[in-house]
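Sequence order for the protein chains is A and B.
Numbering-wise, the first sequence is residues 1 to 183 according to my numbering.
Numbering-wise, the second sequence is residues 1 to 575 according to my numbering.
Treat the hints with care, as some may be off.
Cut-off 27 Å, straight-line C-alpha distance, at most; resulting in silico cross-link-like pairs (DSSO-like, lysine-lysine) [to be verified]:
{"id": "1", "chain 1": "B", "residue 1": "Lys172", "chain 2": "B", "residue 2": "Lys360"}
{"id": "2", "chain 1": "B", "residue 1": "Lys360", "chain 2": "A", "residue 2": "Lys43"}
{"id": "3", "chain 1": "B", "residue 1": "Lys501", "chain 2": "B", "residue 2": "Lys522"}
{"id": "4", "chain 1": "B", "residue 1": "Lys377", "chain 2": "B", "residue 2": "Lys330"}
{"id": "5", "chain 1": "B", "residue 1": "Lys335", "chain 2": "B", "residue 2": "Lys306"}
{"id": "6", "chain 1": "B", "residue 1": "Lys172", "chain 2": "A", "residue 2": "Lys78"}
Residues from chain B that keep clear of chain A, each with C-beta distances beyond 10 Å, as calculated [unchecked claim]:
{"id": "7", "residue": "His41"}
{"id": "8", "residue": "Arg115"}
{"id": "9", "residue": "Lys123"}
{"id": "10", "residue": "His124"}
{"id": "11", "residue": "Gln163"}
{"id": "12", "residue": "Leu176"}
{"id": "13", "residue": "Tyr179"}
{"id": "14", "residue": "Gln247"}
{"id": "15", "residue": "Lys306"}
{"id": "16", "residue": "Val328"}
{"id": "17", "residue": "Met528"}
Quick caveat, the hints were computed from the structure, so don't treat them as lab data.
We put the beta carbon where it would ideally sit given N, CA and C, even for glycine.
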Amino acid sequence: MAIHTLAVLVENSPGVLARVASLFSRRGYNIDSLAVGPTENPKVSRMTIVLNLEGHALDQVSAQLFKLVNVIGISEMKDSDSLKREILLVKVANTAAAKDVVKKHGAVIADEGGKTISIEAVGQSSAIEALLADLKPHGIRELVQSGLVALERGDSTLADRTLSTMGTANESDPNSSTADYQN
Amino acid sequence: MNGAQSLVNALEAAGVDVMFGIPGGAILPAYDPIFDSKIRHILVRHEQGAGHAATGYAQATGRVGVCIATSGPGATNLVTPLADAQMDSVPIVAITGQVPSAAIGTDAFQEADIRGVTMPVTKHNYLITDPADIPRAIAEAFHIASTGRPGAVLVDIAKDALQKETTFNYPKNVSLAGYNPVVEPKSEAIRDAAALITQSKKPVLYVGGGVIKANAAKELMQLAEITGAPVVTTLMARGAFPDSHPQHLGMPGMHGTVAAVTALQKADLLITLGARFDDRVTGKLSTFAPNAKIIHADIDPAEIGKNRHADVAIIGDLKNILRALNPVTKAALAKSQPDLTPWLTETYGWRSKFPLGYDKPSDGSVSPQYVIERIGKISGPDTIFTAGVGQHQMWASQFIGYEKPRTWLNSGGLGTMGYAVPAAMGAKVGAPDTTVWAIDGDGCFQMTNQELVTCALNNIPIKVAVINNESLGMVRQWQTLFYNQRYSNTDLHSKRIPDFKLLAEAMGCVGLRCERPEDVDKTIEAAMAINDRPVVVDFNVHRDAMVWPMVAAGTSNDDITVARSMAPVWDSQEL
Numbered sequence: 001m002a003i004h005t006l007a008v009l010v011e012n013s014p015g016v017l018a019r020v021a022s023l024f025s026r027r028g029y030n031i032d033s034l035a036v037g038p039t040e041n042p043k044v045s046r047m048t049i050v051l052n053l054e055g056h057a058l059d060q061v062s063a064q065l066f067k068l069v070n071v072i073g074i075s076e077m078k079d080s081d082s083l084k085r086e087i088l089l090v091k092v093a094n095t096a097a098a099k100d101v102v103k104k105h106g107a108v109i110a111d112e113g114g115k116t117i118s119i120e121a122v123g124q125s126s127a128i129e130a131l132l133a134d135l136k137p138h139g140i141r142e143l144v145q146s147g148l149v150a151l152e153r154g155d156s157t158l159a160d161r162t163l164s165t166m167g168t169a170n171e172s173d174p175n176s177s178t179a180d181y182q183n
Numbered sequence: 001m002n003g004a005q006s007l008v009n010a011l012e013a014a015g016v017d018v019m020f021g022i023p024g025g026a027i028l029p030a031y032d033p034i035f036d037s038k039i040r041h042i043l044v045r046h047e048q049g050a051g052h053a054a055t056g057y058a059q060a061t062g063r064v065g066v067c068i069a070t071s072g073p074g075a076t077n078l079v080t081p082l083a084d085a086q087m088d089s090v091p092i093v094a095i096t097g098q099v100p101s102a103a104i105g106t107d108a109f110q111e112a113d114i115r116g117v118t119m120p121v122t123k124h125n126y127l128i129t130d131p132a133d134i135p136r137a138i139a140e141a142f143h144i145a146s147t148g149r150p151g152a153v154l155v156d157i158a159k160d161a162l163q164k165e166t167t168f169n170y171p172k173n174v175s176l177a178g179y180n181p182v183v184e185p186k187s188e189a190i191r192d193a194a195a196l197i198t199q200s201k202k203p204v205l206y207v208g209g210g211v212i213k214a215n216a217a218k219e220l221m222q223l224a225e226i227t228g229a230p231v232v233t234t235l236m237a238r239g240a241f242p243d244s245h246p247q248h249l250g251m252p253g254m255h256g257t258v259a260a261v262t263a264l265q266k267a268d269l270l271i272t273l274g275a276r277f278d279d280r281v282t283g284k285l286s287t288f289a290p291n292a293k294i295i296h297a298d299i300d301p302a303e304i305g306k307n308r309h310a311d312v313a314i315i316g317d318l319k320n321i322l323r324a325l326n327p328v329t330k331a332a333l334a335k336s337q338p339d340l341t342p343w344l345t346e347t348y349g350w351r352s353k354f355p356l357g358y359d360k361p362s363d364g365s366v367s368p369q370y371v372i373e374r375i376g377k378i379s380g381p382d383t384i385f386t387a388g389v390g391q392h393q394m395w396a397s398q399f400i401g402y403e404k405p406r407t408w409l410n411s412g413g414l415g416t417m418g419y420a421v422p423a424a425m426g427a428k429v430g431a432p433d434t435t436v437w438a439i440d441g442d443g444c445f446q447m448t449n450q451e452l453v454t455c456a457l458n459n460i461p462i463k464v465a466v467i468n469n470e471s472l473g474m475v476r477q478w479q480t481l482f483y484n485q486r487y488s489n490t491d492l493h494s495k496r497i498p499d500f501k502l503l504a505e506a507m508g509c510v511g512l513r514c515e516r517p518e519d520v521d522k523t524i525e526a527a528m529a530i531n532d533r534p535v536v537v538d539f540n541v542h543r544d545a546m547v548w549p550m551v552a553a554g555t556s557n558d559d560i561t562v563a564r565s566m567a568p569v570w571d572s573q574e575l
């Protein structure tokens, strides 16, 4: 099992999410999570896709994804050189013990009902998983997660690399597993 | 002007000279300006016919084929030809009407989400609800369909967008942020490929349909002569390299020649040009060409490493690739030329030891292979041949000699029964001075023969050979070999029902019939003499003829079944 995170810049056009989802579905690629939202450029949306690649090469997935006309650029977000965060909202029983767990993990009580509290946490996947593990004995009533979002560390941006070279195609190196796919 | 006029202007600006279609409610506004347009509109009898005709036109001419249909069922009838064209990388553009934008999503009359439906079977598609977007969408559609790896593009236009007033503004250049196909190969890749060629003692040129798409047959011939390597042409590449050339081993794959299949298996290098290691060529992937290094040249980066690891990948347009590779290879071979003599002796030995062949039925009935072979011989290498899918298709790929690109049109990837007649119609429209033969099966013919009416009424005099074995022959062959001759639902009883001769005549064609081997030549010659109307010849052939050689799906190519060395159980004692 190999987990990879891809940042994908797409044209902000109707149907683009369906195209990406349809591609992953028909080629049998497993998505762990997919987060999509607007960017600093109103014409461009950014997807962060966490993939569980069993029996598929990352290069092949990227190459297939890049064939979609609305996909502008793709880059793998490696743990070592990117920031990765997800949001968790979780409702648990309103007990002192549960509140202690929230405190211990640096999470926030965003809403307090009579019988339950709603907890908000932002962090890396490992921190979110640790919080959930500690909350589990206290009775999780309901939870929702945002899916991972990722941004490169340092000064480099995918948008710069992709949009500045728009119109001058760079093919990927098929032998490299970390190739950026950019137009 | 309204959006409909803008659409027709845009199609004219895109260089469209002909389109195939049927009007209906949602597309009706467009048919009013079509009435006055210089574009020839051919009214087909079924939208599937329009789609395959566009594909046949595109395959014969290299231009973008165009089909047009209304919303809902009109559009869904185009799904098969769109998938077919996309699988075989044929450039077509489909225009469909959509219900008015306010009604989209309400399950309106004749509404189908055709953009959603065709997403997985097109290169790209559009839903247009603003008339101002029509010219740009058309320009982009033709650009996307015809550049890079060609494919199918659908433009769905809401009825109100066709009706509303707009201004026509056709873009001079198409610029798409996410679409810039690489056409120029990298020089390092060319150098690495040439180096592998100089090291190879057992090379094979594995040629796919991409060579035809890139119009690179001349450049391929140069590479073949520079390297001296044997050549195999896949089903999609028949005609890319002359069958008469001494280096040609024929077609590889499930029904390929023994020489082509064995050469790939024993090669130490495959110079792969616009081919995609399809399962019908490779059989079980892990056993395919086990000793070969791979040079993979393709316009589509996603084909590299999809099925088989490439030792050297060259991404670009094949014409550009070969123009770069040929001189570099020539120079490299001048310095270091491996001796290919033992390899050529071996491969050409397989070719002479295991030629394609067939048995003549001893009961006096007509051999289907003989019919197809004679049509090829009598009609000659300038003829365009189309085929449906099944035994007749394989025989037409085997027993007709192809000498030129774009003379063999068939449904290779999707395997669409019923392709032959409408594709022949499209090819004849694109190449009106060329003889066009549809080699069809009796099963396939019954799926799309209604387009003969279109041919008869529009002066499209194609010739159709129905290879009538009264059954779904390829399926029957598999039942013979793998299902203990239990012929479940493959008997079509089509010797006289329908009567293909009378059916042809009912549709305004000349109907001929041939039931004896001695009549084959004169029947073909009679068909050849008719050029003012479509001709259908019902060739009643022996039903138990099989396609050989055959590698059953999923088995190793090393286990190739050689017709002459194997004695399968026949359900008829005559053979």
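Evaluated hints:
1. B:Lys172 with B:Lys360: 60 Å, violated
2. B:Lys360 with A:Lys43: Distance ~67 Å between B:Lys360 and A:Lys43 Cα, so the pair is violated.
3. B:Lys501 with B:Lys522: 16 Å, holds
4. B:Lys377 with B:Lys330: Outside the cut-off at roughly 36 Å; violated.
5. B:Lys335 with B:Lys306: 34 Å, violated
6. B:Lys172 with A:Lys78: 41 Å, violated
7. His41: Label holds. Min Cβ-Cβ 28 Å, cutoff 10 Å.
8. Arg115: 6 Å, violated
9. Lys123: 7 Å, violated
10. His124: Not fine: 4 Å to the nearest Cβ puts B:His124 too close to chain A.
11. Gln163: 21 Å, holds
12. Leu176: Non-interface label on B:Leu176 violated, nearest chain A Cβ at 6 Å vs cutoff 10 Å.
13. Tyr179: B:Tyr179 not clear of chain A: closest Cβ-Cβ about 5 Å, inside 10 Å.
14. Gln247: 29 Å, holds
15. Lys306: 6 Å, violated
16. Val328: 19 Å, holds
17. Met528: 44 Å, holds
Checked against the numbered hints above, the structure breaks hints 1, 2, 4, 5, 6, 8, 9, 10, 12, 13, 15 and satisfies the rest.
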